[in-house]
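Trainee: Take the sequences, apply the hints, and build the full model.
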Amino acid sequence: MIITTPKSLDDVLGYISPYKNILIAGCDGCTQPPRGLKEAKILSQLLELGGKLKGKDFKFKTTTATKQCDYFLTNSILKPQMDGAEAILSLACGIGVQTMAELFSELPVFPAQDTHFMGAEQREAGILEERCAGCGNCLLAETGGICPVARCSKGLLSGACGGSKQGKCELSPDRDCAWCLIYERLKKQNKLHLLKQSRLPRNHQLTGWRVTT
Amino acid sequence: MSEQIAGIKAAVEIKEDNCSRCSVCYSLCPFDAIKKEPETKKFLLDIEKCQVCGICYSTCPAKAIDILYYDVDSLARYLEKSKKEYKSDTLVIMCRGSAPDFTGIQGLFGISKFIPLSVPCVGRIPEETLLRALTMGIEKIHVLACDEDYCRFDEGSAIAGRKIIALNVLLNQLGYGKEAITLKRNSLKVKADSDLCIACGNCVYYCPYSAPRLESPGTVKIDLDACRGCGLCVAMCPALALDLENWERDRISSLVAELPVEKKSPSILVFRCQWASFPSLNGGVARNACIVDLPCASRVDMYHVLQAFQKGMDGVLIAACAEDDCKQEKASAKAKHSVAKLKERLSQIGLDKRLHFCTVAPRHPEGLEKELEQFSKALQTAGTKEGKG
Numbered sequence: 209m210i211i212t213t214p215k216s217l218d219d220v221l222g223y224i225s226p227y228k229n230i231l232i233a234g235c236d237g238c239t240q241p242p243r244g245l246k247e248a249k250i251l252s253q254l255l256e257l258g259g260k261l262k263g264k265d266f267k268f269k270t271t272t273a274t275k276q277c278d279y280f281l282t283n284s285i286l287k288p289q290m291d292g293a294e295a296i297l298s299l300a301c302g303i304g305v306q307t308m309a310e311l312f313s314e315l316p317v318f319p320a321q322d323t324h325f326m327g328a329e330q331r332e333a334g335i336l337e338e339r340c341a342g343c344g345n346c347l348l349a350e351t352g353g354i355c356p357v358a359r360c361s362k363g364l365l366s367g368a369c370g371g372s373k374q375g376k377c378e379l380s381p382d383r384d385c386a387w388c389l390i391y392e393r394l395k396k397q398n399k400l401h402l403l404k405q406s407r408l409p410r411n412h413q414l415t416g417w418r419v420t421t
Numbered sequence: 141m142s143e144q145i146a147g148i149k150a151a152v153e154i155k156e157d158n159c160s161r162c163s164v165c166y167s168l169c170p171f172d173a174i175k176k177e178p179e180t181k182k183f184l185l186d187i188e189k190c191q192v193c194g195i196c197y198s199t200c201p202a203k204a205i206d207i208l209y210y211d212v213d214s215l216a217r218y219l220e221k222s223k224k225e226y227k228s229d230t231l232v233i234m235c236r237g238s239a240p241d242f243t244g245i246q247g248l249f250g251i252s253k254f255i256p257l258s259v260p261c262v263g264r265i266p267e268e269t270l271l272r273a274l275t276m277g278i279e280k281i282h283v284l285a286c287d288e289d290y291c292r293f294d295e296g297s298a299i300a301g302r303k304i305i306a307l308n309v310l311l312n313q314l315g316y317g318k319e320a321i322t323l324k325r326n327s328l329k330v331k332a333d334s335d336l337c338i339a340c341g342n343c344v345y346y347c348p349y350s351a352p353r354l355e356s357p358g359t360v361k362i363d364l365d366a367c368r369g370c371g372l373c374v375a376m377c378p379a380l381a382l383d384l385e386n387w388e389r390d391r392i393s394s395l396v397a398e399l400p401v402e403k404k405s406p407s408i409l410v411f412r413c414q415w416a417s418f419p420s421l422n423g424g425v426a427r428n429a430c431i432v433d434l435p436c437a438s439r440v441d442m443y444h445v446l447q448a449f450q451k452g453m454d455g456v457l458i459a460a461c462a463e464d465d466c467k468q469e470k471a472s473a474k475a476k477h478s479v480a481k482l483k484e485r486l487s488q489i490g491l492d493k494r495l496h497f498c499t500v501a502p503r504h505p506e507g508l509e510k511e512l513e514q515f516s517k518a519l520q521t522a523g524t525k526e527g528k529g
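Protein chains in written order, with my numbering: chain A, 209 to 421; chain B, 141 to 529.
Hints are computed from structural coordinates only; laboratory data are not their basis. The C-beta atom is built at its ideal place from N, Cα and C for all residues, glycine as well. Watch out, some of these pointers could steer you wrong.
Unchecked claim - Pairs of lysine-lysine, DSSO-like flavour, derived with a Cα cap of 27 Å:
id	chain 1	residue 1	chain 2	residue 2
1	B	253	B	324
2	B	451	A	267
3	B	470	A	269
4	B	493	A	267
5	B	331	A	275
6	A	228	B	361
7	B	470	A	275
8	B	481	A	264
9	B	481	A	262
10	A	260	B	451
11	B	493	A	215
12	B	483	A	269
13	B	483	A	262
14	B	155	B	175
15	A	262	B	155
16	B	481	A	267
17	B	331	A	260
18	A	260	B	324
19	A	260	B	493
20	A	262	B	175
21	B	517	A	262
22	A	264	B	451
23	B	451	A	269
24	B	493	A	262
25	A	264	B	483
26	B	517	A	260
27	B	483	A	267
28	B	361	A	264
29	B	175	A	260
30	A	215	B	451
31	A	215	B	483
32	B	470	B	189
33	A	215	B	481
34	B	331	A	215
Said to hold, decoys possible - Reference listing, derived: stretches of chain B covered by chain A, where coverage requires no fewer than 3 residues with Cβ under 8 Å from a Cβ of chain A:
id	stretch
35	216-229
36	375-381
37	483-489
Mentor: Shown next as structure tokens:
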């Protein structure tokens, strides 16, 4: 899932202040926590209240799209709803915002959120953590299903740095040391021999910028 | 503060003079709220432990227990007054946990006009009240109880059933026909709209009763037998795909929309958990407050809170049960968390002080009024007029 957090209402009010008729578009896709129709409505209410305090009278229309990053879907779902909109406020990740900006290029499209990373939610703890760095060279088969690229602070690919304390990272004591986790997992699976492999540092070229379908 | 509750500290009382020391209440109380004094053999009520479930009231053979919400004289006064107001000789007594709105009740019983009487639990309505209703010219009594496995009060629904069977036998002998009192059972449960579901899984995670489940690939399915009607899933659904029978989002929304705006300042809207505080039969709340009931505090919806602010209310008070009193699974804590989250966002536009979460309990009938007073004062101090209109 793509992990996002709401921007401060002040920032968003700043973006939209020159406009009156604004379309707020939620995204039912992979943004986490989900920012669908309900979040669109609640954001419109908060902005209306915030706007009034600043003497602004916005008119909001709220909607949602299945996946804002999909040009085809978003065009077919949202195009018919654009009538009268002077600006668009998107509740999608950065990808959705850019898709919208390209599809409706005559209108300003603003992000209502900051996009952080590809991650997973631990619901009980109420936290969302990065899990995949999109490196273009998946190592999970060799590391017990735990990604050192995304989860080791230093991005080390050939084992622990030596600074881990009681399973935690020396740079951020509340963060698990990825290589400790990998060690425990491989031990459990009787595959500790995998730790003897050494790897070259991450090749950033493999990430690439385009792939073909 | 209404006349009925002014000066009353506790909603339940043991009248020592009437007590025959039979100890039925003592042995039945599910909350250990009734203590026996070994020397005097008197029974004493520890009101702080009492959940006002009323099992002691239902079973006391000596009428030694009083519960404010089922007081025979207050109920009779209400019936006299309402008979004229509703111009009907049909009475519908319903449990507040299972009663749909006016139209829903009309459909359930196939009637067009009726006198509504909503009580915390119909199983606790004294026989005397039913008989008095018949003597004051009410011709037909319908009783709407919760389904037995949905009942929030100890044995309330089951006792209602037994009571009515016994009364009908008696009334038949007196010439009132075979079914002077009819009983129906009902539960209010969640409804899912698969077309809107985005399969995010929030309902599956939040439901304390494991009622919703997601089939992969697919959308949500609800096990209605497991649903207890708290509405937490509805509040947490980001796609507006869930709704709760009788407590529909749009219905609550229209209640908020129809609130009178000319209320005294500071105007306060209370979203009240239906189990946290029971309305008094004799009157309303402070003049600056309006109340919208919720099935459970965890159904509190940020959408409705913001709607109240948009409408120009100065403050919104969420009245929930304390965690130990919560009739659902940990729902009160969830409600508190949701309110804290919204306060965080409201603080960005300087409105956070206008939203307040409090806990009250029906054992202390004046509790909500006190909270309202305090919140009114806090709102006045904070200066409430910004952004109104």
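Trainee: The structure should be examined with respect to each hint, and the outcome stated for every one.
Mentor: Quick rundown of the hints versus the structure:
Among the hinted pairs, residue 253 of chain B with residue 324 of chain B is consistent with the structure: their alpha-carbon atoms are about 18 Å apart, no more than 27 Å. Distance check on the hinted pair: residue 451 of chain B and residue 267 of chain A sit about 15 Å apart at the alpha-carbon level, within 27 Å; holds. Between residue 470 of chain B and residue 269 of chain A, the direct Cα distance comes to roughly 36 Å. Violation of the 27 Å bound is thereby established for this hinted pair. About 26 Å separates the Cα atoms of residue 493 of chain B and residue 267 of chain A, which keeps this hinted pair within 27 Å; it holds.
As the CA atoms of residue 331 of chain B and residue 275 of chain A are separated by approximately 25 Å, the hinted pair is consistent with the 27 Å bound. Restraint check for residue 228 of chain A and residue 361 of chain B: not satisfied, since their Cα atoms lie roughly 41 Å apart, outside the 27 Å limit. The straight-line distance between the Cα atoms of residue 470 of chain B and residue 275 of chain A is roughly 34 Å, outside the 27 Å bound, and the hint therefore fails. For the proposed pair residue 481 of chain B and residue 264 of chain A, the alpha carbon gap of about 25 Å is at most 27 Å, so the pair holds.
The suggested pairing of residue 481 of chain B with residue 262 of chain A holds, with an alpha-carbon distance near 23 Å, which does not exceed 27 Å. Among the hinted pairs, residue 260 of chain A with residue 451 of chain B is consistent with the structure: their alpha-carbon atoms are about 12 Å apart, no more than 27 Å. A hinted pair counts as satisfied when its Cα atoms are at most 27 Å apart, and residue 493 of chain B with residue 215 of chain A qualifies at roughly 21 Å. Taken as a hint, the residue 483 of chain B and residue 269 of chain A pair is honoured in the structure, with Cα atoms around 24 Å apart against an allowance of 27 Å.
As the CA atoms of residue 483 of chain B and residue 262 of chain A are separated by approximately 19 Å, the hinted pair is consistent with the 27 Å bound. With a CA separation close to 14 Å, the supplied pair residue 155 of chain B and residue 175 of chain B stays within the 27 Å bound. A hinted pair counts as satisfied when its Cα atoms are at most 27 Å apart, and residue 262 of chain A with residue 155 of chain B does not qualify at roughly 60 Å. Of the supplied pair hints, the one linking residue 481 of chain B and residue 267 of chain A holds, its CA atoms being roughly 25 Å apart against a limit of 27 Å.
As the CA atoms of residue 331 of chain B and residue 260 of chain A are separated by approximately 36 Å, the hinted pair breaks the 27 Å bound. The hinted pair formed by residue 260 of chain A and residue 324 of chain B fails the criterion: a straight-line CA distance of about 49 Å is larger than 27 Å. Between residue 260 of chain A and residue 493 of chain B the alpha-carbon distance is near 17 Å, which keeps this suggested pair within the 27 Å criterion. Under the criterion of a C-alpha separation no larger than 27 Å, the hint pairing residue 262 of chain A with residue 175 of chain B is inconsistent with the structure, at around 60 Å.
A hinted pair counts as satisfied when its Cα atoms are at most 27 Å apart, and residue 517 of chain B with residue 262 of chain A qualifies at roughly 26 Å. As the CA atoms of residue 264 of chain A and residue 451 of chain B are separated by approximately 16 Å, the hinted pair is consistent with the 27 Å bound. Distance check on the hinted pair: residue 451 of chain B and residue 269 of chain A sit about 18 Å apart at the alpha-carbon level, within 27 Å; holds. Our distance criterion of 27 Å between C-alpha atoms is met by residue 493 of chain B and residue 262 of chain A, whose separation comes to about 18 Å.
Between residue 264 of chain A and residue 483 of chain B, the direct Cα distance comes to roughly 22 Å. Compliance with the 27 Å bound is thereby established for this hinted pair. Taking the CA atoms of residue 517 of chain B and residue 260 of chain A, the gap is near 24 Å; set against the 27 Å cutoff, the hint holds. A threshold of 27 Å between alpha carbons decides the hint, and for residue 483 of chain B with residue 267 of chain A the separation of about 24 Å falls inside it, so the pair holds. At most 27 Å may separate the alpha-carbon atoms for a hinted pair to count; residue 361 of chain B and residue 264 of chain A exceed this at roughly 43 Å.
Taken as a hint, the residue 175 of chain B and residue 260 of chain A pair is broken in the structure, with Cα atoms around 57 Å apart against an allowance of 27 Å. This hinted pair checks out: residue 215 of chain A and residue 451 of chain B have alpha carbons roughly 25 Å apart, not beyond 27 Å. A hinted pair counts as satisfied when its Cα atoms are at most 27 Å apart, and residue 215 of chain A with residue 483 of chain B qualifies at roughly 15 Å. For the proposed pair residue 470 of chain B and residue 189 of chain B, the alpha carbon gap of about 18 Å is at most 27 Å, so the pair holds.
Distance check on the hinted pair: residue 215 of chain A and residue 481 of chain B sit about 15 Å apart at the alpha-carbon level, within 27 Å; holds. Pair hint residue 331 of chain B plus residue 215 of chain A does not hold up; C-alpha atoms about 33 Å apart against a cutoff of 27 Å. Only residues whose C-beta sits within less than 8 Å of a C-beta in chain A count toward coverage, and the stretch 216-229 of chain B has 0 of them, not enough to reach three; the restraint is violated. Given as covered by chain A, the stretch 375-381 of chain B passes the check, having 4 residues with a CB less than 8 Å from a CB of that chain where 3 are the minimum.
Here the stretch 483-489 of chain B counts 4 residues with a CB under 8 Å from a CB of chain A, which clears the bar of 3, and the coverage holds.
Hints 3, 6, 7, 15, 17, 18, 20, 28, 29, 34, 35 from the list above are not met by this structure, while the remaining hints are.
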